[in-house]
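First to last, the sequence lines map onto chains A and B.
Counting from 4, one number per residue, gives the positions in the first sequence under the working numbering.
Counting from 1058, one number per residue, gives the positions in the second sequence under the working numbering.
Don't take every hint at face value.
Stated by the list, open to error - With the Cβ distance kept under 10 Å, some of the chain A side facing chain B (calculated, not the full set): (1) A24; (2) K25; (3) D108; (4) L125; (5) D126; (6) S183; (7) A184.
Hints listed in this document are in silico derivations from the structure and should not be mistaken for laboratory results.
Quick reminder that beta carbons are idealized off the backbone N, C-alpha and C, glycines included.
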Amino acid sequence: MGSRLALDDGVYLRNSVQTAAKILVVGHFAVGKTTFIGTLSEIPPLRTEEVMTQAGAGIDDPKGAPGKTTTTVAMDFGRLTLSEKLVLYLFGTPGQQRFVQVWEDMTRGALGALVLVDPQRLDESFPVMDLVEHYGIPYAIAVNHFDGTPTHSLDEIREALDLLPETPVVTCDARDQRSSADSLIALVRYLQSRLN
Amino acid sequence: MTTDDEPELEHEAAELVRPYVITNGRDLLDGSEFSLITLVTVHADPPRTKPLDPEKVRLLELCSGGFLSIAEIAGHTRLPVGVVKILVSDLAREGHLYSRAPIPSAQLVDREILEEVLHGLQARFG
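Can you make the complete structure from the sequences, with help from the hints?
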């Protein structure tokens, strides 16, 4: 909890770290975001909560007060120290439209997003892709392969998701470190190509 | 297999904590100078001040071990991010905490960071 004594040495960043960067790992419910983050993170994944004021459904009262409720939404994240000076945070971000406030906080300063998709539930990825595009976050698609998943070709998935030709589509196994790292590398290479 | 993947859990804030109590009634405004990944730690020479609220004491204890991000502080203390931002903001203003300078938001910088991220991932997992 809050006590320093309860935390082991790996909790704190190296003193030399100067810069923190952020990549979002997004996708629909139960697509494997937390698994992916846990596979790559150097710390046990942590959970944060954002408090949001949510307007009541269908209410647009200029006086404000009625119909507003406060809710929290939880996000899981992990950490990767990538050099003496740089740390990368991976934030698992829920994909529902109603969490717009969270998205504004999450996307601010994000380098890009990895969109995890389940090939058996491609249509459930549409809302989260709409959000990523709305916030102008460049992204790559990582098709998370579960055991026994019928394999669609990446071209079929690209077509089903109506992607731009340059958007990378890779497969990954969120439980496998090398595979998960490779999909992040594919995203970073794509982000680099966009700057050239 | 992905039953652990439930970041969408949602509940009434009142059941969790009383944020307005902890922040002395101030609103949970975003747009503060602190982001989720702002890195903070304690000053080696803390100022002498009147006794701090228990939540602030707890936060300073946590931060005394080295640098942590705002998100990590929220994760370890189980306080909402908005509350942590306000507490950290107070503690920074009072001279208890300081932060690493935020990244200038420029594409020039992104280029260097991306290069470093790529090399870091390749070195670590390649």
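Results of checking the hints against the structure:
1. This hint holds: A24 (chain A) has a C-beta 5 Å from the nearest C-beta of chain B, less than the 10 Å allowed.
2. The interface hint given for K25 (chain A) is met, as the beta carbon of that residue sits about 5 Å from the closest beta carbon of chain B, less than 10 Å.
3. Nearest Cβ of chain B to the Cβ of D108 (chain A): about 6 Å, under the 10 Å cut. The hint holds.
4. Residue-level restraint check for L125 (chain A) is violated (minimum Cβ-Cβ distance to chain B is 16 Å; threshold 10 Å).
5. This hint is violated: D126 (chain A) has a C-beta 18 Å from the nearest C-beta of chain B, more than the 10 Å allowed.
6. Residue-level restraint check for S183 (chain A) holds (minimum Cβ-Cβ distance to chain B is 8 Å; threshold 10 Å).
7. The criterion of a C-beta within 10 Å of any C-beta in chain B is met by A184 (chain A), whose closest approach is roughly 4 Å, and the hint holds.
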